[in-house]
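Trainee: Listed here are the chains, written in short residue letters.
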Amino acid sequence: MSLFGQRTVIDIVKAGGTRPSEEFNADKLHSSIVAACLAVRTPEGQAEAIARDVCTATMAWCSTKPEVTSSDLRRIASRTLQTHHPDAAYLYKHHKLIV
Amino acid sequence: MNPETLLTLALIVACGLIHASYQLSVSVLTLLSGHAIGKKTHFKRVLRLSGSYLLGTIIMTLLLITSAVYTTLHIFSHSGIPLLAWAIVCGLLIGLGIATWVFYYRKSTGTSLWLPRSMAQFLTKRAKTTRDPAEAFSLGLSTVIAEILFIAGPLAAAALLIPLLPSTGWQLVGILVYTLSASLSLGIVWILVGSGHSLSRIQLWREKNKRFLQFSGGSLLVLLGFYLYTEKILFAKAVLLGGI
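Protein chains in written order, with our numbering: chain A, 1303 to 1401; chain B, 12 to 255.
Chain A on its own, in the form it takes in the complex (with noise of 0.2 Å):
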């Protein structure tokens, strides 16, 4: 059971178009911006709650569209991420620029 509540039909181009689309999941967007609060030393409680608020955010503004890129979602995500953790928001926009 999704912790949204709700079976979202919006399709997710991966990256680099080499692997399939995949249907949007808000609990897997849910734990990477949890992961990216908690490398930041975020207390636990208030890393589900930003979670939470940003998946809810991000999950508006993809209600519109019928499918989105990896990268929309993660710009989109950290856009919001950004005004309430930016230590946060710029490891979850980084993090695949580091090596």
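Be aware that one or more of the hints could be misleading.
Quick list of in silico lysine-lysine cross-link-like pairs, DSS-like style, CA-CA up to 27 Å [as the list claims (entries may be wrong)]:
| id | chain 1 | residue 1 | chain 2 | residue 2 |
| --- | --- | --- | --- | --- |
| 1 | A | Lys1398 | B | Lys139 |
| 2 | A | Lys1395 | A | Lys1367 |
| 3 | A | Lys1395 | B | Lys51 |
| 4 | B | Lys221 | A | Lys1398 |
Just a sample of chain A residues kept apart from chain B, beta carbon distances all over 12 Å, derived [stated by the list, open to error]:
| id | residue |
| --- | --- |
| 5 | Glu1324 |
| 6 | Leu1340 |
| 7 | Val1370 |
| 8 | Val1401 |
Negatives, chain B to chain A, calculated, CB over 12 Å [claimed, not checked]:
| id | residue |
| --- | --- |
| 9 | Leu35 |
| 10 | Val39 |
| 11 | Thr52 |
| 12 | Leu94 |
| 13 | Trp97 |
| 14 | Leu134 |
| 15 | Glu146 |
| 16 | Leu152 |
| 17 | Ile202 |
| 18 | Leu215 |
| 19 | Glu218 |
| 20 | Ile244 |
Derived from the structure by calculation, the hints contain no laboratory data.
All residues carry an ideal CB built from backbone N, CA and C; glycine is no exception.
Put chain B on the given structure of chain A with help from the hints.
Mentor: Same frame as chain A, but now just chain B:
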């Protein structure tokens, strides 16, 4: 300790610091710690994982420098180090210095390095899935190998300098000094992570200062190359020709 031994040790430290300015190991340590903390891993376990990773890089650096010194001693034990060997190493240092200036970091934001993207993705994936200290140790070993293209310069220079030290004991000191100075940046990041500093602050500092690190690493390589060329080739030739 005579001044010549001191100078050789200082040059070995310079080689080690140039090695330390290369950032792949630090990037992978940042990723490894970030993923481990993000997965709610107990902090002691995070320290064990990152400590094993650090140990892996130290051991691989030690193995590489020891092998390089042994090879130098084996090949040039009777004749001494020929000018050609110094010339090759000087060329390597200057070439790698220019390569560091030009393409060590990618032009994108973040701290993306020169590595082929497939290799970078592999290291990122390995860092993300590492759960065991033994895995972290082997990741440390392979990260040093992945950066061999750039660390070959300071490593080769140190491998020619260490045999110039007066005794086997001093040569062992030279090997240890190189290994410790080459692991300095990684050790500092490990201490920062261990003392509770935010990973994003560390990463932000690295991103802000990446051009400085790139410029200083490249410049030190070029300077070291010119210095060794003057000291070991031009000066030796002048002595041979009886000019000095």
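Trainee: With 12 Å as the threshold, tell me whether Val1370 (chain A) passes as away from chain B on beta-carbon distances.
Mentor: The claim stands: Val1370 (chain A) keeps its Cβ more than 12 Å from every Cβ of chain B (closest is about 22 Å).
Trainee: Does Lys1395 (chain A) pair with Lys51 (chain B) here, judged by a C-alpha cut-off of 27 Å?
Mentor: holds, 20 Å
Trainee: Please settle this one: Glu146 (chain B) was flagged as non-interface, so is its CB more than 12 Å from every CB on chain A?
Mentor: holds, 17 Å
Trainee: Checking the smallest CB distance to chain A, is Leu134 (chain B) really beyond 12 Å?
Mentor: Non-interface label fails for Leu134 (chain B): nearest chain A Cβ at 5 Å, not farther than 12 Å.
Trainee: Please check whether the beta-carbon of Ile244 (chain B) is more than 12 Å away from every beta-carbon in chain A.
Mentor: Answer for Ile244 (chain B): holds, closest chain A Cβ roughly 38 Å.
Trainee: Can we confirm that no CB of chain A comes within 12 Å of the CB of Leu35 (chain B)?
Mentor: With a cut-off of 12 Å, Leu35 (chain B) comes too close to chain A, as the shortest Cβ separation is near 7 Å.
Trainee: Just want to verify: Val39 (chain B) was marked as not at the interface with chain A; is every Cβ pair farther apart than 12 Å?
Mentor: violated, 6 Å
Trainee: Over 12 Å from every CB of chain A: does Leu94 (chain B) meet that, or does the non-interface label fail?
Mentor: holds, 39 Å
Trainee: With 12 Å as the threshold, tell me whether Ile202 (chain B) passes as away from chain A on beta-carbon distances.
Mentor: holds, 16 Å
Trainee: Was Glu218 (chain B) rightly flagged as not at the interface, with every chain A Cβ beyond 12 Å?
Mentor: Nearest chain A Cβ is 8 Å from Glu218 (chain B), so the label is violated.
Trainee: Check the non-interface label on Leu152 (chain B): least C-beta distance to chain A beyond 12 Å or not.
Mentor: holds, 16 Å
Trainee: With 12 Å as the threshold, tell me whether Leu1340 (chain A) passes as away from chain B on beta-carbon distances.
Mentor: violated, 5 Å
Consistency note: the structure conflicts with the earlier hints numbered 6, 8, 9, 10, 11, 14, 18, 19.
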